[in-house]
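A.B. asks: Top line first, the protein sequences correspond to chains Y and G. Residue numbers for the first sequence follow our numbering, beginning at 11 and rising by one. Residue numbers for the second sequence follow our numbering, beginning at 16 and rising by one.
One thing to keep in mind: the hints can contain errors.
Said to hold, decoys possible - Partner residues are not named here, just some residues of chain Y that face chain G (Cβ under 8 Å, in silico):
1. 20
2. 22
3. 40
4. 44
5. 57
6. 249
Simulated from the structure, these hints should not be mistaken for lab results. Bear in mind that the values here come from a model prediction, so they are computed numbers and not experimental data. The beta carbon of each residue, even a glycine, is placed where N, CA and C say it ideally should be.
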Amino acid sequence: MNPLSFVVPFDQQAALEQIRSDGARFVAGGTNLVDLMKERIMLPQRLVDINRLPLDAIEEDEHGGLMLGALARNAATAYHPLVLERYPLLSAAILAGASPQIRNMASNGGNLLQRTRCHYFYDAQVPCNKREPGTGCPAIGGLSRQHAILGASAACIATHPSDMCVALGALEARVQVASQRGEREIAFADFHRLPGDTPQIDTNLAPDELITGIALPSAERFAGHSIYLKLRERASYAFALVSVAAMLDIGEDGAIRDARVALGGVAHKPWRLPEAEALLHGTPDAARFAAFAERLLAGAQGQGGNDFKLTMARRAIVRALNMAVAGTYNNTGHTNGTVMTRGAA
Amino acid sequence: MDTRISTTAAERGQAAPAVPLYPLSLRVNGAEHQLYVEAWVSLLDLLRDRLALTGTKKGCDQGQCGACTVLVDGKRINSCLTLALMQEGRSITTVEGLANGSALHPLQQAFIKHDAFQCGYCTPGQLCSGVGLISEGQAQDRAQVRELMSGNVCRCGAYPQIVAAMAEVMQLPDNSQDRDDNAGARVGTVPA
Numbered sequence: 011m012n013p014l015s016f017v018v019p020f021d022q023q024a025a026l027e028q029i030r031s032d033g034a035r036f037v038a039g040g041t042n043l044v045d046l047m048k049e050r051i052m053l054p055q056r057l058v059d060i061n062r063l064p065l066d067a068i069e070e071d072e073h074g075g076l077m078l079g080a081l082a083r084n085a086a087t088a089y090h091p092l093v094l095e096r097y098p099l100l101s102a103a104i105l106a107g108a109s110p111q112i113r114n115m116a117s118n119g120g121n122l123l124q125r126t127r128c129h130y131f132y133d134a135q136v137p138c139n140k141r142e143p144g145t146g147c148p149a150i151g152g153l154s155r156q157h158a159i160l161g162a163s164a165a166c167i168a169t170h171p172s173d174m175c176v177a178l179g180a181l182e183a184r185v186q187v188a189s190q191r192g193e194r195e196i197a198f199a200d201f202h203r204l205p206g207d208t209p210q211i212d213t214n215l216a217p218d219e220l221i222t223g224i225a226l227p228s229a230e231r232f233a234g235h236s237i238y239l240k241l242r243e244r245a246s247y248a249f250a251l252v253s254v255a256a257m258l259d260i261g262e263d264g265a266i267r268d269a270r271v272a273l274g275g276v277a278h279k280p281w282r283l284p285e286a287e288a289l290l291h292g293t294p295d296a297a298r299f300a301a302f303a304e305r306l307l308a309g310a311q312g313q314g315g316n317d318f319k320l321t322m323a324r325r326a327i328v329r330a331l332n333m334a335v336a337g338t339y340n341n342t343g344h345t346n347g348t349v350m351t352r353g354a355a
Numbered sequence: 016m017d018t019r020i021s022t023t024a025a026e027r028g029q030a031a032p033a034v035p036l037y038p039l040s041l042r043v044n045g046a047e048h049q050l051y052v053e054a055w056v057s058l059l060d061l062l063r064d065r066l067a068l069t070g071t072k073k074g075c076d077q078g079q080c081g082a083c084t085v086l087v088d089g090k091r092i093n094s095c096l097t098l099a100l101m102q103e104g105r106s107i108t109t110v111e112g113l114a115n116g117s118a119l120h121p122l123q124q125a126f127i128k129h130d131a132f133q134c135g136y137c138t139p140g141q142l143c144s145g146v147g148l149i150s151e152g153q154a155q156d157r158a159q160v161r162e163l164m165s166g167n168v169c170r171c172g173a174y175p176q177i178v179a180a181m182a183e184v185m186q187l188p189d190n191s192q193d194r195d196d197n198a199g200a201r202v203g204t205v206p207a
């Protein structure tokens with residue numbers, strides 16, 4: 011690995027000062043950054059270890075929502091009683107990702123900042139516009155099985171690897187950040203970027219900004235009908251080919267009053283079209299779900315190796331919606347694939 | 016302890032004077048260690064190369080195989096994916112620390128009884144991961160044990176025996192519905 015310096019700030023002000031030095035990066039769980047440093051994909055000159063900052067709380071806010079500390083670990087978040095009760099979609103998505111060891115290490119803030127798992131990005135010997143802007147994209151016309159079908163550009167067809175972020179997109183989370191210039195909130199839909207002609211920039215977080223927390227608005231009306239459906243190459247511990255976070259608010263009459271659907275594994279960011287979700291309002295039926303899937307996937311384009319995702323995504327959306335109508339599923343082993351009997355299933 | 020391994024600032028400083036060294040205090044298997052390390056040293060390399068605790072194995076060095084699993088303050092992690100300096104003040108348990116004196120940990124005993132390994136390379140990671148899984152308290156049956164052990168690969172294919180050893184220590188019900196040959200397909204797979 012490259013020579014580098016290491017500092018451990020004990021308060022946020024010191025951390026925000028340290029990050030301004032040349033080549034500095036925050037490190038929390040390290041599960042992605044340490045790996046990328048070994049592969050010489052990311053070469054920070056200074057690591058700012060933020061693990062001593064008091065940012066690991068998970069607590070209710072005054073508006074009936076929940077605040078997830080940026081340094082709360084993914085496992086602690088997924089198994090937190092309030093997350094399990096009010097945000098079963100988030101719990102299911104986190105537990106569908108990575109391994110128990112990694113979930114014990116990975117921080118909530120770091121989960122948002124994961125780099126793509128594109129094989130070409132991860133191989134320092136080949137060109138990559140995300141790693142070295144202007145060198146080209148060998149994934150286009152190359153091995154593209156895991157790559158994007160939506161929102162890609164001529165410069166980059168990488169996908170975002172997070173499961174947690176797909177749920178956070180559907181939940182309309184807000185990312186709270188701080189820098190020496192002050193504090194701000196970023197709507198989840200605006201946090202990650204599409205590649206365009208600057209694929210080296212994954213997010214709209216400025217280099218000197220620290221994620222301090224993730225605010226979840228109340229979503230209890232959806233909690234009885236939510237599902238994270240993840241399709242992958244093996245039963246556990248693999249990145250999504252296609253995933254669907256679906257949450258429905260269903261009235262006494264059985265009609266869908268409100269719906270949110272986000273997709274993972276298909277784009278450079280969690281993919282959601284809020285303006286299309288009204289198509290789902292009304293009596294749940296196959297034609298309605300198919301029409302919505304068509305709309306959500308409008309403009310989707312295969313790259314050859316990932317053409318199967320067009321069909322897979324369409325079917326996964328419909329299947330996830332059918333499952334969400336039936337109840338709240340957790341397909342990650344926590345409830346062993348059985349329907350949790352909560353809400354008006 | 017391998018005497019070729021230098022653990023003091025003076026010794027290491029002579030060898031590589033330009034590289035900054037940082038002080039590190041760790042408790043490993045109950046013993047306190049005061050060390051000086053370079054910033055980029057992973058916890059795994061520290062355990063193996065500086066402390067000569069070679070029970071913890073380096074398989075992929077990328078967090079994919081789980082052979083490097085250790086317990087930090089009782090929680091299982093991949094020691095290859097964390098820097099030693101990030102563990103300042105923590106208490107680390109490696110496979111060498113699982114036994115109580117000459118009495119093996121119940122999970123170690125169960126691995127022997129159920130023949131839960133062949134080549135043994137993944138076993139230290141499997142054992143630490145299994146101990147972590149048990150203390151997490153999230154697995155209620157064998158299928159969930161399989162799901163929550165998915166971060167530990169065994170290329171010899173001892174998975175059924177590993178699950179059997181875990182189930183015995185956890186006193187899980189012997190559920191005939193939960194056959195090893197279909198459990199993997201059920202867990203992690205969305206119900207039809």
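A.B. asks: Can the hint on residue 20/Y be confirmed by a CB-to-CB distance to chain G that is less than 8 Å?
C.D. replies: Since chain G brings no Cβ nearer than about 12 Å to residue 20/Y, farther than 8 Å, the hint is violated.
A.B. asks: Go through the hint on residue 44/Y and say holds or violated, using the shortest Cβ distance to chain G against 8 Å.
C.D. replies: Hint on residue 44/Y: holds, closest Cβ of chain G at ~5 Å, below 8 Å.
A.B. asks: Verify the interface restraint on residue 40/Y: the C-beta must sit less than 8 Å from at least one C-beta of chain G.
C.D. replies: holds, 5 Å
A.B. asks: Does residue 249/Y pass the interface check with chain G, least Cβ-Cβ distance below 8 Å?
C.D. replies: Constraint on residue 249/Y not satisfied, violated at 11 Å.
A.B. asks: Is the hint on residue 57/Y kept, meaning its closest Cβ partner in chain G is under 8 Å away?
C.D. replies: holds, 6 Å
A.B. asks: Holds or violated: is the Cβ of residue 22/Y closer than 8 Å to a Cβ in chain G?
C.D. replies: violated, 18 Å
In summary, the numbered hints that this structure violates are 1, 2 and 6.
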